[in-house]
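In terms of my numbering, the sequence shown opens at residue 2 and continues consecutively.
Everything labelled a hint here was simulated from the structure, so no lab data went into it.
From the three backbone atoms N, C-alpha and C, an ideal C-beta is built for every residue, glycine too.
Worth double-checking, as some hints may not be accurate.
[Claimed, not checked] Calculated lysine-lysine pairs in the DSS-like style (CA-CA distance at most 25 Å, straight line):
| hint | residue 1 | residue 2 |
| --- | --- | --- |
| 1 | Lys266 | Lys243 |
| 2 | Lys182 | Lys112 |
| 3 | Lys145 | Lys42 |
| 4 | Lys303 | Lys266 |
| 5 | Lys314 | Lys303 |
| 6 | Lys323 | Lys307 |
| 7 | Lys182 | Lys213 |
| 8 | Lys243 | Lys208 |
| 9 | Lys243 | Lys112 |
| 10 | Lys145 | Lys326 |
| 11 | Lys145 | Lys182 |
| 12 | Lys112 | Lys145 |
| 13 | Lys323 | Lys303 |
| 14 | Lys145 | Lys323 |
| 15 | Lys326 | Lys307 |
| 16 | Lys8 | Lys42 |
| 17 | Lys314 | Lys326 |
[As the list claims (entries may be wrong)] Pairwise CB distance ranges, derived in the manner of DEER restraints:
| hint | residue 1 | residue 2 | range |
| --- | --- | --- | --- |
| 18 | Ser230 | His90 | 41 to 47 Å |
| 19 | Arg65 | Gln268 | 30 to 36 Å |
| 20 | Gly215 | Lys112 | 44 to 50 Å |
| 21 | Asn32 | Gly319 | 35 to 41 Å |
| 22 | Leu216 | His327 | 26 to 32 Å |
| 23 | Val144 | Arg44 | 50 to 56 Å |
| 24 | Thr117 | Ala293 | 27 to 33 Å |
| 25 | Phe218 | Thr76 | 54 to 60 Å |
| 26 | Glu220 | Glu161 | 28 to 34 Å |
| 27 | Ala293 | Arg44 | 25 to 31 Å |
| 28 | Leu216 | Thr135 | 20 to 26 Å |
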Amino acid sequence: MKERTTKITIYDIARVLNLSASTVSRALQNNKLINQETREKVRQTATEMGYVPNWIASSLRKKRSNIIGLIVPRTSMYFQSTAISGIQHEAHRYGFSIVIGQSDDTVEMEKELVNTFFSLRVDGLLAVSSMFTTSFEHFSPFVKNNIPIVFYDRVPADFEGYTITGDDFRGGYLATEHLIKQGCRHIALFSGILTCNLYQQRLRGHKAALAKYGLPFDESLMYVNNLTSDAATVASRELLAKDPLPDGLFAANDTSAVAFIQEAKRQQVRIPEQIKVVGYSNDQSSRIVTPALTTIEQSGYKMGQKAIDTIIKLINYGDTMKLPKHFVFPVELIPRDSSM
């Protein structure tokens, strides 16, 4: 039997069911003008025949794809995975689909994804910039073509549009103040790359707390890297070689805080007796590491919901709803054994 090389179309389905192509098309779109029995019969036949909708052609006809692009650094990051869950659940409620691309925290991949999503004619773009993104310029095709774009969590410094972020200054302040109130006077800092808005603000909050309590900021106790487990382990070894040891550590994400706790255990440095530790994000790892990690909760799921809600309103109504340009989520300190 000769293998079929052409794709099944709505015309093929229409011939099998003795219906018009327009009826089949409406039925596949769940149009209420077509009775339910016919809609179900068309969907079942389409599935049996292996019909795959051509959403690109459909979006050209309707000038709407009902697809939103999403660029994140890595889906494996706990905060991003929870935000993506919020985005997808809310998008489905509004009848939108999400296409996700990982930048792997590189500007080069981020640029490729921007071009890909622009070529796919997505209705809007949600993005979390890479740790190394210093300019919004490569996102400009969306702005020039009036396609809504919303940044959440990480935002390029020169972006003037809609943003959804956590209160990172407050988070840095709370983490450091907590350590001070627990008796720490020589507090180390693991920071992400300072081209990124998150880590600039967390550093500012850290310095503000130190200043309020009359403590100096010691630059020799600050380690700047990409906050992966490997990078944090290297920084941990350097920090644990200091004499005297610091008595506190504020790590700007939980991954680096957990890596420090694990390295301290290997070197038989006691947490929290010798060094108290606070992380950031309330990752799952913060709850299962021993001792359990004190951290800052920043509501990833809710941030994702707010981001998708904002962009869908921009897609449907433009600027007519007068949405706030910059929405900031409150943060909360979650005290656990690593600092108590």
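So, going through the hints one by one against the coordinates:
The straight-line distance between the Cα atoms of Lys266 and Lys243 is roughly 16 Å, inside the 25 Å bound, and the hint therefore holds. A hinted pair counts as satisfied when its Cα atoms are at most 25 Å apart, and Lys182 with Lys112 does not qualify at roughly 44 Å. A hinted pair counts as satisfied when its Cα atoms are at most 25 Å apart, and Lys145 with Lys42 does not qualify at roughly 44 Å. Taken as a hint, the Lys303 and Lys266 pair is broken in the structure, with Cα atoms around 35 Å apart against an allowance of 25 Å.
This hinted pair checks out: Lys314 and Lys303 have alpha carbons roughly 17 Å apart, not beyond 25 Å. Pair hint Lys323 plus Lys307 holds up; C-alpha atoms about 15 Å apart against a cutoff of 25 Å. A hinted pair counts as satisfied when its Cα atoms are at most 25 Å apart, and Lys182 with Lys213 qualifies at roughly 12 Å. Taking the CA atoms of Lys243 and Lys208, the gap is about 21 Å. The hint holds against a cut of 25 Å.
As the CA atoms of Lys243 and Lys112 are separated by approximately 41 Å, the hinted pair breaks the 25 Å bound. Annotation: proposed proximity of Lys145 to Lys326 holds, straight-line Cα distance about 18 Å (limit 25 Å). For the hint linking Lys145 to Lys182, the alpha-carbon distance of about 50 Å lies beyond 25 Å, and the restraint is violated. Restraint check: the Cα-Cα separation between Lys112 and Lys145 comes to about 16 Å, which is no more than 25 Å; the hinted pair holds.
With a CA separation close to 21 Å, the supplied pair Lys323 and Lys303 stays within the 25 Å bound. At roughly 20 Å between alpha-carbon atoms, Lys145 and Lys323 fall within 25 Å of each other, so this suggested pair holds. In summary, the hint linking Lys326 to Lys307 is supported, as the alpha carbons are separated by about 12 Å, within the 25 Å threshold. At roughly 20 Å between alpha-carbon atoms, Lys8 and Lys42 fall within 25 Å of each other, so this suggested pair holds.
Between Lys314 and Lys326 the alpha-carbon distance is near 13 Å, which keeps this suggested pair within the 25 Å criterion. For Ser230 and His90, the Cβ-Cβ distance of about 29 Å falls outside the hinted range of 41 to 47 Å, so the restraint is violated. Between Arg65 and Gln268 the Cβ separation comes to about 58 Å, which falls outside the hinted range of 30 to 36 Å. A beta carbon spacing of about 46 Å between Gly215 and Lys112 agrees with the range 44 to 50 Å that was offered as a hint.
About 26 Å separates the C-beta atoms of Asn32 and Gly319, a value inconsistent with the hinted range of 35 to 41 Å. A beta carbon spacing of about 31 Å between Leu216 and His327 agrees with the range 26 to 32 Å that was offered as a hint. Remark: the range hint 50 to 56 Å for Val144 to Arg44 is contradicted by a beta-carbon distance near 39 Å. In this structure, Thr117 and Ala293 break the distance hint of 27 to 33 Å, their C-beta atoms being roughly 41 Å apart.
A beta carbon spacing of about 35 Å between Phe218 and Thr76 contradicts the range 54 to 60 Å that was offered as a hint. The given range of 28 to 34 Å is respected by Glu220 and Glu161, whose C-beta atoms sit roughly 32 Å from each other. Between Ala293 and Arg44 the beta carbon distance is about 49 Å. The supplied range of 25 to 31 Å is therefore violated. The hinted range of 20 to 26 Å is not satisfied by Leu216 and Thr135, whose Cβ atoms lie roughly 31 Å apart.
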